[in-house]
Amino acid sequence: MRNSSLQQTVPGPRSLHHTLFYQVLETDGEDRLGLTGEPDGEADGDSKADTPEIPTSVDNTPQCLNKALEGLSSRWRNWWIRGILSFTMISGFFLIIYLGPVMLIIVVMTVQIKCFQEIITIGYRVYHSYDLPWFRTLSWYFLICVNYFFYGETVADYFGVLVQKEEPLQFLVRYHRFISFTLYLAGFCMFVLSLVKKHYRLQFYMFAWTHVTLLIVVTQSHLVIQNLFEGMIWFIVPISIVICNDIMAYLFGFFFGRTPLIKLSPKKTWEGFIGGFLSTVVFGFIFAYLLAQYQYFVCPVEYDSETNRFAVECQPSELFVMQEYRLPAALQNVLRWKTVKMYPFQIHSVALSTFASLIGPFGGFFASGFKRAFKIKDFANTIPGHGGIMDRFDCQYLMATFVHVYIASFIRGPNPSKVLQQVLVLQPEQQLSIFNTLRSHLQDKGILPPPRPEAQ
Amino acid sequence: RMGQAVSDDTYGHADGEGEREGDGEAEGDSKADASEVPPATDDTPECLNKALQGLSSRWKNWWIRGILSLTMITGFSLLIYMGPIMLIPLVMAIQIKCFQEIIIIGYRVYHSYDLPWFRTLSWYFLVCVNYFFYGETLADYFGVLVQREEPLQFLVRYHRFISFTLYLTGFCVFVLSLVKKHYRLQFYMFAWTHVTLLIVVTQSHLVIQNLFEGLIWFIFPVSTVICNDIMAYVFGFFFGRTPLIQLSPKKTWEGFIGGFFSTVIFGFIFAYLLAQYQYFVCPVEFDSETNRFAVDCQPSSVFVLQVYTLPAIVQNVTRWETVTLYPFQIHSISISSFASLIGPFGGFFASGFKRAFKIKDFADTIPGHGGIMDRFDCQYLMATFVHVYLTSFIRGPNPSKVLQQLLVLHPEQQLSIFNALRSHLREKGVLTE
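Protein chains in written order, with our numbering: chain A, 1 to 456; chain B, 1001 to 1433.
So that you can see chain B by itself, here it is in the shape it has in the complex (with noise of 0.2 Å):
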């Protein structure tokens, strides 16, 4: 059985193969008078194991890792260049997975398996937040179609308050079902359900809307996270020697370090790479003639080459005077030091959890690797990063929402906007007349 025993050999998590979440900590604890959450059974498929039965327990995992390593990284290549249509369901199959494992953790936590309505209230929740979510940056991008059809127009402008009754109606519907001796229970999983919903979904949110800036805010951050996660790995096993948190006892500073150097590296000339290509860069719309998504523009000024004059010091060093680079390069650092320097944080912040309830893994959905949520931990804090990065510093609002927003208001309102536009842009010069 996977989970308890820590010199388990199966995953072989804790007998220093796991770059992640070393369960050093778990061996003490595992006198557990909290209920340990077992796992499910051992997931690899039937081929695989046939295929590496001849090695030994240690190796076969490095394999098994391996193997399905390389199966993701190819997998999130091909839906890359299957394009935007496929990335949304795929964050949206993400978020529900992770959604579902964590629940599942809280269940088996609290042993509510049998609270009544437990099950259809939360996954409930789940349907109206993302009603409310996805309502909310639908409205935005696909403005055009929305004002062609009927219905979509009344679902549009009423959509806070249908998002609203929505909610409300699970919130009496959790209020009639308290139980008058699972209350406590009752509220645990309540609130368990909403921290989640506010991790989860939110933040698998603001990744669609940094993926419609272009897909290039997807693929960079999430390609930086792994990267930092490999290289980290790679630089602790050669290198590591101290540790570095309590939380996680196989992370060790040299890997931090390491990690962080070839991470920035690695970011910087991923950069270049994908800034040249329109695909990548372009906002994603939708053209409604088409009835496709659509990447094709005009480069903003992020993504085209710049000189760039260096200053003297590396002047007398590299012997160059100036240096042509993409100014996204330049943003590029700042990400990969973000996804190295904080981004851990996130993944010991799931340690601790899993350390506080005492689970191995979130779930055992990838061999080898343990659940979704065991991959995307780091993802998180990253994804909202971009989001506050990108409001913050590089766009201002979506001019199609202010549009929209524009033609909503009163007509003097719309007239005194407009006089104030008009001579901001006189003064600016762009207007003549």
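Okay, chain A solo, but in the shape it has when bound (with noise of 0.2 Å):
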């Protein structure tokens, strides 16, 4: 790192730290039992950084958690706050799907929020930017705008009837691209206009930084959105399978880890990723086969625009009806079933599932190597026993653009209110030439009757 030119700060004494909870470096992955597994075997021989180490902030733990495990030994107390927190994390995300996509969306957005101030706060601490000129207000300028190109991208699409009513909607709608890039554009110019003669070079990375972040965290999470149109079963299921395989994956190690998986997380083993893996399978294919009974789970989300609010109804497409399915001669002296009932989402899942094993970890290591490169422990405080809310979701972003790429590839094909949007905006000569295409080709299907003479 080439910023001398900066002051560097010299890391406290141990004894300061030794009464937080979380943070130095050098005490071991004692109390921060790696249920994702980032511990700092690797931060002790680093430890005597040129770079600056990032201090995180003082203990969350509630009060009332802390008196009531305040007998146990410090790591039964751990583990203690550790599920607890889980326990709590998972009945609150139970109770959101109960209430809807609304609250769906609504989490998202915060997530989303709160892992951006995650990482730019990182950046700041990393380059001791908290003095350069307008920086905080850029970055969140950015996401703003961002996040308005990318909701008013979905929102002409699945609001199509509501926009049409509003005038000032209409025109927010119709030059969409072009008020988004003004917008952008703005901060771009008050960017260069606010570049400082000593700090180009802090500028330029923390620049950056913020467009990385947006890249990773505000596509990710419309993705996610995305998803949740098609489905709350697109949302549901990708983020219990890999919320599942982590839980899973830390049992399998705890209880039969012994060979290292990579250096970048000395706490992960082959027995815990192999079955975690497996375990994984089974878990996504009964909990498929639980979910895809309910039409809440499996509708496409629809804004009713008579009564304003979110609709999940429709007949279920043909992945979520029960089919029957010829298994191989194998499998048949096996089991002595012939045939086995499914719904064709269970056969998704299975493939849902095996990217979440064997692909989802690499969001892990690669956020392990980013707090590894930045000597920061955790994300944030946000959760106590867990860090901060990216280390919540470092894997779930590979896996949610991988859902979103699934679904359009292999599930459905474009969005028909946005087709029937995109030809009413062409030139009547346009239209009418596509009409007459899709009328020959109706005809030709069988689904128009064949042409007739004229009459009227």
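There could be a bad hint or two in this list.
Only part of the chain B face toward chain A is listed, based on derived beta-carbon distances under 8 Å [stated by the list, open to error]:
| id | residue |
| --- | --- |
| 1 | ARG1119 |
| 2 | PRO1411 |
| 3 | LEU1415 |
| 4 | ARG1426 |
Hints were generated in silico from the structure; no laboratory data involved.
Note that CB positions come from ideal geometry on N, CA and C, so glycine has one too.
Given two chains presented individually in distinct reference frames, assemble the corresponding complex, making use of the accompanying hints.
Structural data, given as structure tokens:
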């Protein structure tokens, strides 16, 4: 790092950190039972850093929990705190699912904003950039711009009817890209004008940091929301699978773990990895079966403009209708069943589980590498026992993108209302030619009656 | 050696010639703790050197810049003449060169030459992202060709999935390649690569999409930016007094404003000249029979002369009642304005970048002008603006793309869209059934 022109903070004496719950890189992973395994066997060697350490803030555990667990030793106390928080988070998740799509969208937005804030705060600390002029404002401004762009694109599709009714909304939708681009440009020009002589490099670093963060965090949260609109099951199942893989890999590693998996995360083991993979596939298979029966999860989320609410009601697509499959001969001999009844979705769930177990962890390794690179223990201290929101969600990001690509490639085609929107915007001659092509196509397929003589 | 000493006369950017990135700042910072990035040796061809041996270094520099400018403009015109088939490879070549220049700067800044795998990974990501974007555009424009070939159909149908898989492979290789002592460096280079891809690759694809709308949407913006460069320099040279911005001390308000007005006028006239030819105005289509690009069409309403009634004030002044213009000329005013007012911010951004990393030029590819990025830094914002402008104000979605999407839908969805479209067309009176 070539920031030698900046002042280096000297890490404080060890005793100062001793009473705090997290952070010090030297005390080994004893008080951080690596559920997702970011232990710092590496950090020990690097603690004589020329680069500044990021002191995380004070212990965030609520007082009530602290009192209740006063008697236990610190190791068990930690177990309990992690356990209680895990349980709380999972319950909260179920509660929010019960409350429906509106709450989910709000939750996704909140998580996105918090992740963005955490990563940007790390950037500030790494570069001591708190006093850069304008920079906080600009980062948040870019966040708003990019969100506005993405939400505008999705909202225009799904809320088509509502948009048609209101005049100002029509204007915003028609020139949406131009307006977003103008807003972004204003931020860009502000950045250029805010460049200060001595801080060029820092400012460019923070600019790049902001943009990469936006790229990762914001785009993928929007993919999550698009998945959600396809049907809540496309939101719930991937997230549950990743959580299950985390927990299962940890349990298998705890009980059977022997062979280390990767240098980046020394606490992860091959036994945990493989055990997690197999159990996640089984869990996903069963969970998919359970969820696929309910319309509430399976139907695309629609916005009902009369009641002004989200509605989930539909004829379930063929993915979610029980079908009979013939077993291959080998399996027939073993199980003595000829056919088996499954939802096609369960087969897709195997693909999703496989991805979550085999490739998802790479998102976790990436985050581990990132934390080592910048010598931080956790992204933040938001959740006691678990670190920051990013720590919980690092594996989810790859998953969200994968699910979105998977849906777009294998499950559904383009969104019909969006296609209709595009058709209505075209020139009349183009509309006419599309109309004729479509008519002959439908007539060929036998959906429309063959052409008959003009009659009126 | 080029680069450090401001007073180095070989290119003399700093001693008054440079119309672009003056380095009054670099002088103060030359006692850098940051590593300086020494660019390569003097690249001027031997022939030019010999021919200009006699002149003093200041005029020699003028001549070199002048000759190279003329060469570039001539080359540009020649490529336009050869048509879309040459322009697309040209855009690709520029994109690759810009990417390489920026990545090399990153390597030098971080002394990352010996990072395992990193060169390979950067180029791999470039190939992936290009594959993704080209696949998206090709599928639209080469629809007929694609329908014929089986393997192409497979590639198109699962295009996103294939691109994502390729990208993921690179991502996993990156994670596996993280080396204990070099974590931070590797993350920096990873981010550097991605930001570069974001800037360079996406915008070169916007350029190509603009090109497919009609050569004029490619030629005109590029010319406007070049004109603004030259005019701002000339005005600054003759009338320049008030500095414009700290980042580029050699730029002046007089140059800025003079450049703005002259660019608008140039654009207005140039638009008039170009809009008359079908070759420039028509969308580029791929003719699957002749397997060539064709530019043949009925010019759209934007390129058809129209009569405008002048407002009363102007009527009194010029004693004309109406004026015949291409609507495109009105659009040309907004494009020129953007090029003159906002385009320079791209140049300031690049100047700031070069100061931040203490480099004089992005590279030494073009003698007298620096690297390819130096010539194209203003163009990037322009390309994005033109694309956004096109999609917002000029054209709607691409009809063949919409048809493609329609044919993929389920029959019930097709039927409902058919009915909606039929009632819409009936209301408009287009359909008389």
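- Could you check if LEU1415(B) really has its C-beta closer than 8 Å to a C-beta on chain A? Cβ of LEU1415(B) sits 6 Å from chain A, so the hint holds.
- Query: Is the shortest C-beta separation between ARG1426(B) and chain A less than 8 Å?
  - Reply: Check failed: Cβ of ARG1426(B) comes no nearer than 11 Å to chain A, outside 8 Å.
- May I ask you to test the interface hint for PRO1411(B) with respect to chain A, counting a Cβ-Cβ separation under 8 Å as satisfied? holds, 5 Å
- Task: Against chain A, run the beta carbon of ARG1119(B) and see if the smallest gap drops under 8 Å.
- Result: violated, 19 Å
Hint compliance for this structure: hints 1, 4 are not met, and every other hint is.
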